[in-house]
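Trainee: Chain residues, written in single-letter form:
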Amino acid sequence: MAATCEPNQNPWLSHSVRIAGITREIPGVLTLDLEFEDSARAATWAFRPGQFTMLYVPGVGESAISISGDAADTGRIRQTIRDAGNVTHSLTGLPIGATIGLRGPFGSSWPVDECRGRDVILVAGGIGLAPLRPVIYHMLHHRQQYQELTLIVGARDPALLLYPGEFEHWRTQGLNIIPTVDHADESWRGGVGVVTTVLERLWLRSPAETMLMTCGPEVMMWYTMQTALGRGIPAGSLFLSMERNMNCAIALCGHCQFGPYFLCREGPVFRFEQLRSILRIDDL
Amino acid sequence: MTLDAPNLLKMLASTRFAEGLTHQDLQSLGRAARLLEVPAGHVLFREGQREDAVFVVFSGHVRLSMKVPGRGDITILTAGPGDLVGWSGLISDGIMTATATTTDFCRLLALSSTQLKQSCDADPQLGYVLMKRLAQVISRRLVATRIQLLDVFAERRNHS
Amino acid sequence: MTESAAVPGIVAPAMNSGDSSDFIGNRRPESFLLRDDLQLLMRRLQEDGYTIVGPKVDQDAIVYGELTGVSDLPQGWTDQQQPGKYRLVPRDDQRMFGYVPGPHSWKQFLFPPSAIVATAQRVGSSWQMSTQDEPAPRYAFLGVRSCELSAIAIQDKVFLGGAFVDPHYEQRRDAVLLIAVNCTQAAPVCFCTSMKTGPRCQSGFDLALTEIDTGFLVEIGSERGRLLVEALPLRPAVSEEIRAGERGRADAERQVTKQMNTEGLHDLLLEQLKSPHWETVAERCLSCTNCTMVCPTCFCSSVTEVSDLSGDRVQRERQWDSCFNVDFSRVNGIPSRDSISSRYRQWLTHKLATWQDQFGTSGCVGCGRCITWCPPGIDLTEEVRTLRQLAESPQLTAAIGETASSSLPPNTAPQNTTEGRG
Numbered sequence: 001m002a003a004t005c006e007p008n009q010n011p012w013l014s015h016s017v018r019i020a021g022i023t024r025e026i027p028g029v030l031t032l033d034l035e036f037e038d039s040a041r042a043a044t045w046a047f048r049p050g051q052f053t054m055l056y057v058p059g060v061g062e063s064a065i066s067i068s069g070d071a072a073d074t075g076r077i078r079q080t081i082r083d084a085g086n087v088t089h090s091l092t093g094l095p096i097g098a099t100i101g102l103r104g105p106f107g108s109s110w111p112v113d114e115c116r117g118r119d120v121i122l123v124a125g126g127i128g129l130a131p132l133r134p135v136i137y138h139m140l141h142h143r144q145q146y147q148e149l150t151l152i153v154g155a156r157d158p159a160l161l162l163y164p165g166e167f168e169h170w171r172t173q174g175l176n177i178i179p180t181v182d183h184a185d186e187s188w189r190g191g192v193g194v195v196t197t198v199l200e201r202l203w204l205r206s207p208a209e210t211m212l213m214t215c216g217p218e219v220m221m222w223y224t225m226q227t228a229l230g231r232g233i234p235a236g237s238l239f240l241s242m243e244r245n246m247n248c249a250i251a252l253c254g255h256c257q258f259g260p261y262f263l264c265r266e267g268p269v270f271r272f273e274q275l276r277s278i279l280r281i282d283d284l
Numbered sequence: 001m002t003l004d005a006p007n008l009l010k011m012l013a014s015t016r017f018a019e020g021l022t023h024q025d026l027q028s029l030g031r032a033a034r035l036l037e038v039p040a041g042h043v044l045f046r047e048g049q050r051e052d053a054v055f056v057v058f059s060g061h062v063r064l065s066m067k068v069p070g071r072g073d074i075t076i077l078t079a080g081p082g083d084l085v086g087w088s089g090l091i092s093d094g095i096m097t098a099t100a101t102t103t104d105f106c107r108l109l110a111l112s113s114t115q116l117k118q119s120c121d122a123d124p125q126l127g128y129v130l131m132k133r134l135a136q137v138i139s140r141r142l143v144a145t146r147i148q149l150l151d152v153f154a155e156r157r158n159h160s
Numbered sequence: 001m002t003e004s005a006a007v008p009g010i011v012a013p014a015m016n017s018g019d020s021s022d023f024i025g026n027r028r029p030e031s032f033l034l035r036d037d038l039q040l041l042m043r044r045l046q047e048d049g050y051t052i053v054g055p056k057v058d059q060d061a062i063v064y065g066e067l068t069g070v071s072d073l074p075q076g077w078t079d080q081q082q083p084g085k086y087r088l089v090p091r092d093d094q095r096m097f098g099y100v101p102g103p104h105s106w107k108q109f110l111f112p113p114s115a116i117v118a119t120a121q122r123v124g125s126s127w128q129m130s131t132q133d134e135p136a137p138r139y140a141f142l143g144v145r146s147c148e149l150s151a152i153a154i155q156d157k158v159f160l161g162g163a164f165v166d167p168h169y170e171q172r173r174d175a176v177l178l179i180a181v182n183c184t185q186a187a188p189v190c191f192c193t194s195m196k197t198g199p200r201c202q203s204g205f206d207l208a209l210t211e212i213d214t215g216f217l218v219e220i221g222s223e224r225g226r227l228l229v230e231a232l233p234l235r236p237a238v239s240e241e242i243r244a245g246e247r248g249r250a251d252a253e254r255q256v257t258k259q260m261n262t263e264g265l266h267d268l269l270l271e272q273l274k275s276p277h278w279e280t281v282a283e284r285c286l287s288c289t290n291c292t293m294v295c296p297t298c299f300c301s302s303v304t305e306v307s308d309l310s311g312d313r314v315q316r317e318r319q320w321d322s323c324f325n326v327d328f329s330r331v332n333g334i335p336s337r338d339s340i341s342s343r344y345r346q347w348l349t350h351k352l353a354t355w356q357d358q359f360g361t362s363g364c365v366g367c368g369r370c371i372t373w374c375p376p377g378i379d380l381t382e383e384v385r386t387l388r389q390l391a392e393s394p395q396l397t398a399a400i401g402e403t404a405s406s407s408l409p410p411n412t413a414p415q416n417t418t419e420g421r422g
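Residue numbers (my numbering), protein chains in the order written: chain A, 1 to 284; chain B, 1 to 160; chain C, 1 to 422.
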């Protein structure tokens, strides 16, 4: 899970990327399609599901954004951004054709290889589906390598579910999708309740052969882990993606430390066992 | 809908609610149970009304909702396979606190609260097991409601 | 604590070496540089193109800065240090290195407090992004102490040892020449012997000097060091000079009285993450960031944008930051260490425990700067002592948990905490 930013290069160097497409997802959230201006850099671009980049708006700053696109799609980089601060506000206000900077990819990745031959459950909350989407693409491209594939996706209300337009296609490719929301009116055909309630009653073919990956608010991930353990899924088969502010993304600035880890280097994806003893310590 | 007793027991035993119960306990439960197969949109019980049955969902989903003046029918929770709905009848007067509507074709086991309570009174050992099971269900529901209350998906602005 | 001359840790081979003026233990033989000839060494460095950085008196303290000659050195000055206190005082001799390191450390030259890491220039409708690849200054550090050599070795691991190498640090580090000076005195805040980082310079230098009244014993630590002194009027040291040097180094070692028990410290601290004692420390800690600024190993930084007036040219400026700043760590934009107790805990557990997980070494070299320059005089060795006592006595933990703001029972109160609090 080592870093895959280009070696032997100044790690502070941003590469110019042009915004080639913008998809408005849900209020305050959009996906940018980015293309390198330098074709040589484009040729070497590769990432693993779960990794992130530092997107840079000159004069405003950098922000760590997870890659939400398909790793097999080498022509463009898709990143889903929530308008939540100065940099992301600026990023979500740019027009098609604008140039921004990109460093990366950085960080650890989801265990898509380790999952081969197993049942896989993805538990996503809110915008937490973004870093898991590359896993979905990967597994559906290699559908025969995996057993049961389930996505439990939670949101505040039905209008805030991410990527709903892709659900039907994913279902036909063999992904069992269970959306659940906190609040809904009568028109909502899906479930109401938290993701843990769904996980609680999910039929498991063989818990010992099941792998689970989750991304969402820390409280949600913690209870997801507890529920998964209660269902008999081994602690070593549970993975989560953590969030902290990142400044350098190259383990030099200290900001994203969490216990012994630099989230930009050992994370953002962790095996639950790595974090188990420190995840619920206040203000760590 | 009728189902012979062994098959009904088998069905009951395969639900998460009955996981780990002894054969004897299962039989006591089975005596109070009947199978129910209903289409989507069927109302199992209504908020404020008395209902004797407690339901174990075998397949399909049940929407639990409450009426809020001016806001209509608000869905509180979707119950699914293995879940228990209508448990008020087991621990209080049987006045339902929510409305339960099926959202798809459902197979449910309906257990008579009156009968169950009688069995529990007659066999405190069974009563203890059943009440413990019920407490687990309620406790899980409470934790889930708390997480829902935390509104963890609420959006906040940050600095980056 | 009873004062003890028997200090565990480093025993300099020189102490058992007898009279041999050829070899001291298994070290290279020491040569001698006359006091007046230090000027020749400095001139030689300047001729070789080095910018000499070393100690000088400024703003009532001995700090590090560019030196033009011997006259810039803090000749005849020393310092008094205690928790929360620093005072510059005259010496009764003319020693040039007769002081204990002050608020500065060499990290400010290898890892500058402010540096441009990248730039962006608007070109038409696009941006041209580049990195700042100016040639780094070529420094010669004069007067590096043993604990400071260790601090540099630790920052080497941080900036050079990972998957990503910091090019700014690397350039400066590759070019730097290290002239160490062995301590011949110690301050009450020093605990290098506990951290096994001193007081005697063991490795990592080009030259190591030991100052005596008449001049300097010179030990060569590298080929670069050997070439440097080749042209200088060095002569073999005579036995009185060697003995005077040994006495000076032994004085320093004897004067290091503060100790920190590092046995099992990593696990001990990480098992105390929920200790009520962090709240007790937080009552004194001002979260002022001083300890992290003066620490020779702390490396936290933030990059911010600096635009020109037109907004067409932007520089990305890296500045030192501190885990004591409330905004330093955030989850979804919300400060994740909102309390002083959580920030002090982060600093101490990082420095003494998780640093080991990250870099295979402690982050502390026992220089004592964080103790001296802490306004309320918080002494990390005392905090570690208290945490150790609490770890060994759960009843005590329960007691302070109940009276979160009161001090420990008298019989277990940490010693020396009254020192330097005023």
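I should point out that these hints are in silico values taken from the structure, not numbers from a laboratory.
It is possible that part of the hints are untrue.
What the hints assert, rightly or not - Where chain A lies over chain C, by a calculated footprint (3+ residues, C-beta under 8 Å): (1) 157-171; (2) 212-219; (3) 300-307.
To be verified - Partial selection, computed: residues in chain B whose CB lies under 8 Å from chain A: (4) ALA18; (5) LEU77; (6) ARG140.
Source: prediction; values computed, not measured.
Think of the CB as a built atom: it goes at the ideal place given N, C-alpha and C, for glycine as much as any other residue.
Trainee: Now look at each hint and say whether the structure bears it out.
Mentor: Hint-by-hint comparison with the structure:
1. 157-171: It holds, with 8 qualifying residues against the three required.
2. 212-219: This one is violated; 0 residues, fewer than the three required, reach chain A with a Cβ under 8 Å.
3. 300-307: holds (count 7)
4. ALA18: 13 Å, violated
5. LEU77: 5 Å, holds
6. ARG140: It holds, given that the least Cβ distance between ARG140(B) and chain A is near 7 Å, below 8 Å.
The structure shown violates the earlier hints numbered 2, 4.
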